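**Student:** Starting from the given sequences, assemble the full structure and let the hints guide the process.
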Amino acid sequence: MWCEVVSLLRSLGSALVSYFDAKKKRKVAEIYQALNSDPIDVPKLRRMAISKGGLLTDEIRCKVWPKLLSVNTDNLPPLPAGKELRQDNKDYQQVLLDVRRSLRRFPPGMPDDQREGLQEELIDIILHVLKRNPQLHYYQGYHDIVVTFLLVVGDRLATALVEKLSVHHLRDFMYPTMDNTKQILNYLMLIIDQVNPEVHDFIAEVGTIFALSWLITWFGHVLSDFRHVVRLYDFFLACHPLMPIYFAAVIVLHRKQEVLDCECDMASVHHLLCQIPQDLPYESLISKAGEIFVQFPPSKLTKEAAQAERTAASTFKDFELASVQQRPDTVLRQRFRERMRGEERLRGEERTKSILTKPRTNRFVKLAVMGLTVALGAAALAMVKSALEWAPKFQLQIFP
Amino acid sequence: MAAGDAESSLELSLTGSGALPGALPPARSRIFKIIVIGDSNVGKTCLTYRFCAGRFPQRTEATIGVDFRERAVTIDGEHIKIQLWDTAGQERFRKSMVQHYYRNVHAVVFVYDMTNIASFHSLPSWIEECKQHLLANDIPRILVGNKCDLRSAIQVPTDLAQKFADTHSMPLFETSAKNPNDNDHVEAIFMTLAHKLKSHKPLMLSQPPDHDEIHIKPEPKPITSCWC
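Residue numbers (our numbering), protein chains in the order written: chain A, 701 to 1100; chain B, 94 to 321.
There's no promise every hint is true.
[To be verified] Below, a list of computed lysine to aspartate or glutamate pairs in the EDC-like style, where the Cα atoms sit at most 20 Å apart:
(1) K831(A) - E820(A)
(2) K882(A) - D231(B)
(3) K790(A) - D169(B)
(4) K291(B) - D231(B)
(5) K188(B) - D879(A)
(6) K956(A) - D893(A)
[As the list claims (entries may be wrong)] Quick list of simulated restraints, FRET-style, between CB atoms:
(7) R152(B) - I976(A): 12 to 22 Å
(8) K783(A) - T260(B): 35 to 45 Å
(9) D169(B) - K783(A): 58 to 68 Å
(10) D231(B) - G753(A): 37 to 47 Å
(11) E820(A) - R152(B): 14 to 24 Å
(12) E963(A) - G147(B): 18 to 28 Å
(13) L243(B) - S718(A): 53 to 63 Å
[Claimed, not checked] Not everything, but these chain B residues come out facing chain A in the computed CB check (under 8 Å):
(14) S133
(15) R152
(16) E154
(17) A155
(18) I157
(19) G158
(20) F161
(21) Q176
(22) A181
(23) K188
(24) S189
(25) T260
(26) H261
The hints are simulated quantities; they were obtained by calculation from the structure and are not laboratory data.
Source: prediction; values computed, not measured.
Ideal Cβ placement from N, Cα and C applies to all residues, glycine included.
**Tutor:** Next up, the structure:
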């Protein structure tokens, strides 16, 4: 009898394993299909990056992250010599200090010399991006984001991705002052207020500084398991630039009971929330963040027009439109050769035009996400919706 | 990673011990909020960690924004919570963010790195900034020169630092958060500050003391020589 139960459980177990394997295989196939379609099916790649498990492997991330950021991987410029970069760079000393201390970001057990080599690469990537974009200012925590890209895609591609990301998503953190960063932190209060006013009133007393490192490192600084970090990066790269602050809100809301049980002072709440539990249910939190985004998009959170032009969110629409014009790598290579012969230019322009003018109604968007889980659909919908309609207008004075 | 996790849990357990049954209810124990400021990489995190966890952290990273550590101590029978706010050293944080942390601060610890003269030269701007943020002028402030164990690399001579400290009416301590032989010194610095605060004036949540007499334990004298 017992033996039968055991063998039944065993076969059930292996059935489950093969079920998940099959599901995963299907997802991998779908991702490659999206990568190879012409033009590249970026909306689908975004959905894949958002949905359960994200992009699954670093091998896939190497292929998909560039597409999510509209980076052409074909003719990446060579990296300049590190020595040159390090001379006369105003940020060099700070970058050096931060990178040398960032041992925890590297896989445990990595040999020292290998890690040290990567740290040197990390310094060079950061300095290179800063040098090419003098409007961007280094902040402590930027290195926590860059190291994630370095570890997943290697230095050459990481440089291109980080540059694009910095100019678009991270630039709010890279102004001479952190005023924009403070404004984005204000969104945290607005989101929490919509979902749970009780938690909002409690947090309002203690401020939002606890979420600063979450926001400006995309959680890279506070999560110790690298798999969680890259999973979140899949999600954030596929979404609106304000998604990290929605995710921060979801973490607070997930721990609302602990928060409300806390003494209502800045220190206690700060201390509680800064210790992020290692066993957070990331997939369901990601779904929840997507849901809340759809329900309370940034434009709904803030009614007044004013600051919109100043944040990265304001140019997200252009960024999105650019990303749907990408061609699969094979086509790109082919086109590159053709362009050499000067034949492709006209056709390319026509195609671009047709993509830009193609009517994409909400109905289309909804159809596109049908069949996906509710949460995934919601998040994907949010993403596409925001690209089409979203024009954030806000003026906030919550933060002193 | 493992080391990092162990460090966090240690911090937690120390903080948690304040709330154990038998300790004073939190609302009735006084809280001393101390902010620790200074340039990047001078050792603010190591100093606060050393005091709250009792040892030098194996590895520390750049502090992003602010970190918070706490330790419950008993001074002359009174339970007191010492909160240390460990701040980011990079200028952009202090310009935009740090003002937030200055709220209700009871004492300020300025830290410089004895092996880095630039961190010493930054002190006037830290002091100036502190003046702008703090409403009261009589808040206790101390100056800590860290990393005195690196004898051969010292760039800030003690007499220079002492002169500076005197000009600004602050006691000077030279110490090392790292040196294991210096076990009691970091402790003594913060405890001195706590004693000073205890006798300074009623702080937040003050409770009527059982007895007015305050026994101040022998303080480590502000020093002119390194204890390590």
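**Student:** State for each hint whether it applies.
**Tutor:** Outcome of the hint check:
1. K831(A) - E820(A): 16 Å, holds
2. K882(A) - D231(B): Given that 20 Å is the threshold and the Cα spacing comes to 30 Å, the pair is violated.
3. K790(A) - D169(B): Violated - the C-alpha atoms of D169(B) and K790(A) are around 50 Å apart, more than 20 Å.
4. K291(B) - D231(B): With Cα atoms ~14 Å apart, K291(B) and D231(B) stay inside 20 Å; holds.
5. K188(B) - D879(A): 10 Å, holds
6. K956(A) - D893(A): 13 Å, holds
7. R152(B) - I976(A): 12 to 22 Å: 19 Å, holds
8. K783(A) - T260(B): 35 to 45 Å: Since the Cβ atoms of K783(A) and T260(B) sit about 42 Å apart, the hinted range of 35 to 45 Å holds.
9. D169(B) - K783(A): 58 to 68 Å: Taking Cβ atoms as reference, D169(B) and K783(A) lie about 59 Å apart, which means the hint holds.
10. D231(B) - G753(A): 37 to 47 Å: For D231(B) and G753(A) the Cβ distance comes to about 58 Å; the hint is violated.
11. E820(A) - R152(B): 14 to 24 Å: 18 Å, holds
12. E963(A) - G147(B): 18 to 28 Å: 24 Å, holds
13. L243(B) - S718(A): 53 to 63 Å: Given a distance of about 59 Å, which is inside 53 to 63 Å, the answer is holds.
14. S133: 6 Å, holds
15. R152: 5 Å, holds
16. E154: 5 Å, holds
17. A155: A155(B) check passes; min Cβ-Cβ to chain A is 4 Å, inside 8 Å.
18. I157: 4 Å, holds
19. G158: 4 Å, holds
20. F161: Constraint on F161(B) satisfied, holds at 5 Å.
21. Q176: At about 5 Å, which falls below the 8 Å cut-off, the nearest Cβ of chain A leaves the hint on Q176(B) intact, so it holds.
22. A181: 6 Å, holds
23. K188: Interface hint status for K188(B): holds (6 Å vs cutoff 8 Å).
24. S189: 4 Å, holds
25. T260: Constraint on T260(B) not satisfied, violated at 28 Å.
26. H261: 26 Å, violated
Of the numbered hints stated above, those contradicted by the structure are hints 2, 3, 10, 25 and 26, listed in ascending order.
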